[in-house]
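Asks: The residues making up each chain are set out below.
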Amino acid sequence: MTIEGTSTMQDTARGKFSPAGRAVVLALLALAIYGLWAWSYEISNGLAVTAMRDVQIWGAYIALFMFLVGASAGGMIVASIGTIFHIDKLAHLSRYAIMVSLATITVAGLSIFPDLGEPQRFWHMFAYANWTSPMIWDVIVVLGYGFFNLAYLWIHTRSDLEARYHWLAFGRDTSGHPNAARDARLILGFAYFALPLAFALHSITAFIIGTQPSHPYWYSTAMAPLFISSALTSGVALVLLVLLGLERFGRLEMGADARRWLGGFLAVSILLNFFIIIAEVITIAEGRVTGDWAGLAQLTLGSYAWIFWTEVGTGIVALAMVITPRGRASRVSVAGASVLILINVALERIQLIVGGLRYPNLGYQPGISLGTPQGLTTGGALTTAGAAGPKPFLPTASPFVPVAHYAPTWLEWSIVVGLCALWGLLVAAGIRYLPLSVPRIAPAPAPAGSPAPIRLSDSPSPALGHTMSDSPISLPISATMSSAATSEAAPPTMSNMSDTRPPWMQIYIDGFSS
Amino acid sequence: MGTTDRTYPTNAYARHKETPYPKAKWGMVIDQDRCIGCWSCSVACKSNNNVPLGLWWNRILTVGENPSGLDIRTTGGIDEPLGEYPHLTLSYLPVNCFHCDNPPCTEVCPTAATYRREDGIVMVDWDRCIGCRYCMIACPYGMRVFNWGVPDQVPANDPVDTGTTYHVGSPAKPPRPKGVVEKCDFCYQRVDNGMQPFCIEVCPARARFFGDLNDPSSDVSQLVAHGAVTQVRADLGTEPKVYYIPPKQRGGGTEGEQITSLFVNPERRYLSGTVEKPGS
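Here the protein sequences line up with chains A and B, keeping their order.
According to my numbering, the stretch in the first sequence is residues 24 to 537, in order.
According to my numbering, the stretch in the second sequence is residues 209 to 488, in order.
Keep in mind that the hints were calculated from the coordinates and are not lab data.
Using N, Cα and C, we set each Cβ at its ideal position, and we do this for glycine too.
Label pairs and their calculated CB-CB ranges:
1) B/I244 to A/A328: 39 to 45 Å
2) B/Y293 to A/G359: 57 to 63 Å
3) B/S425 to A/W316: 42 to 48 Å
4) B/Y293 to A/A223: 54 to 60 Å
5) A/P236 to B/Y293: 36 to 42 Å
Chain A is faced by these chain B residues, among others (derived, beta-carbon under 7 Å):
6) P318
7) R341
8) I345
9) Y349
10) V353
11) F354
12) V358
13) G387
Here are some chain A residues pointing at chain B (derived, C-beta under 10 Å):
14) A71
15) V78
16) T155
17) T395
Just chain B, same shape as in the assembly:
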């Protein structure tokens, strides 16, 4: 860890003035009925983005009782159903940064190290972050994570250190300095090259959808229009761009019509819709 002789570009994560799709407004739709809580997206995210040990950009929350307030459940666990037998339900809330249109985090960052790109992706510039963690205070959703110690990875993602000739994850995500904030960035290095974020590609249940909310023909636009979507704590005025299709089959019953089944795209690596793939 910590060698200066990186094989990565040192400022690969610095602010982009120009984005390949300036007219786009990237968003995500997650079908809670489809999510099986397997954490594949979380692990894929950690791997692709070189997220250090103990930090998670992408988590699968098990929907429980009373998400805020005094009597928060501390004894429950993941995969624990809600309700009393035999009326049990189990649903998941996969969360990553919501890339709010009105992000409270960029507003409070004293150095503008976290900022909103013109295509709506909220970024963190690790070379500018001073580690005050005010953005983590401002984020109502707890999506931001901090490198409290020296970022540790197993295996270490620096080929110079490990003596290996390969590295895990994207070269666009270099080793972080300690003491900076990081979070999901919709895999901007993939999106900028016409690819879906990695969590979309790996989801075995195909519960996640990603696309351009400004393009009415995209999956996400149609799902937002017709899927009775909700946002997490939309009352805070942050306008999150990650939408959820809430679970419908509470307490068992027959399998209903799933609107998302109309949109499951066999091609999951590349962006769909009218977005042109660069270089194709």
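Same shape as in the complex, but just chain A:
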């Protein structure tokens, strides 16, 4: 199908990883396989191998799920907002952002499985769905968002996918100008659909815990907005980190203007996140409703308060790093802020799940049973019969606890690390095998005399009329790269810009004037 090295773009996109990169991929693969083994160990021994018990009902897996759901917002921010608001400087990053979103939501969905006591009964969710359960809606919206991202990525990349993997075009002609116009229209439609879908995803995930009056710590209208704002921060931070990494290893030219825009978006999201937290805290602090007040005291002074204050600290430092134009101009500063924000949101999820379940409503002694024969030693000198005989036991500790004490076991860490490694593998595979690289739109010169926008009805340039289905190597795009490389030095005029961009991008950036 494709001959490697025929064009600059193909080189950039299909370039194999360096030996160090391959070593990283192999390490990720080993970790993912180790995580899979850990999960199989958990399946055969039950969830007793985790640190979760009847008081600490949910733990690391649900925190990871909620973190990853939030972090999958990057595609929405970069691709959808970029398309709808015609932010040219993000156009060449759309495919990467959607790919990262797809990988993140895939791993988020998978992270539910180790949390289930009976994972092989997962199909019961569909066979016996109970529509009053927020969990059913969350399963639907996570699946919907995942498949939507897959379709979105396919629509975005299919004109180039066809050249690489002909079967992925599903027999449809995806090249040429009319097809590019159709793709551009589809991309715009997807962008409009992506925003409400992403809002539904984060809100419904928040409703899982936010609709539970039995947990005053969670039961809040602010939960859904908080999940939206933390999705914005962690989503943009994750995409920024991936893009900056790609830029660092020379696989992508992100552009200083795109970095500045995303850094500014990060700063605004952090402010929004702080605003919602402050509004919530002030409301509760002034109200002094017993349960809410206790929840707030727990958050700010309780045994997990250090998580909350670390969260606040990382948020403030990250904000300081990207709030000024000077900070956003620095790659190190933006990358550092992104790392801090990912830590911030991960801590927030841990605080929510672990801190939120620490104290049961009925805290009287001796508390809630643990759910495992903990504190009982079986066997030993008292064993009289063989393995088939009755097992004597000695009580050594109370099988009840009034307050949860949770720290993930090595097995939970293994599965979490394995899932993160799987995310890395998916992202690496996307970078390696998918045509994600498209030429950057150079900033247009100041519109002196404002030339008329290029219209579809105008006579298309010869490049646009070229049908790519004939020759898999698209000449216009390879020509594009060379001119895009020079475009830094000499900003293109509006007339030659039509040649520097692939047809689909021209159309969806310039609009559909027909």
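Following the hints, put chain B in place on chain A, whose structure we already have.
Replies: Chain B in isolation, oriented as in the chain A frame:
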């Protein structure tokens, strides 16, 4: 454990479409002045329902300070009196599933594995439960317990495994798979046959009462009407059907009139009131 060759019906716990008393609304009243904190009901419950090691459907909480909030007492223990000497009080809160009329657990269960029978008993279908534990999150009272590991019983309740010819507990409660939620079900297998739940029968202090809340002549209806009963966290709108007669003799003093003494029924095995016993 874990043999497939059970002597139990494999789906004995599956959902009942029809209940013998469809008009009934089963409820429980517990007199906190009568409870002596002996845990007999808890042990009887474990035995009768084949509850695995480490799981308890029925617990006796010692009433302490500040049941919710930051400064929860972690150093106290069971049977520890409340207050400062000489003004000490000691009371117990025996808890099992409250079988709420408006149960938050059935609302959130994604597969409807936990459901409310028409007579008000909240059940868990172990063959349908996927083990997501959302119902445990939703339950404000912590009454639901989870089989974190492979359910373990001493002695093992499976005669095939143990080589014994007997089993402990009801055949209606087969060995659970690991990874499912379970909880008190008012001993539905006894209630459906006109018997009281086992905790009622064994309570040596006769602190527990069970009956039909829809039947105004039943013990529980009269106690609810005249006993100044309370419910645990009724403010959450769950409408629990386990009522408590709170302790009255705080800090010593003379023995007051106990309304429950009027209702202590010598016949504790079978349901009282106008409920007809099937097959009698």
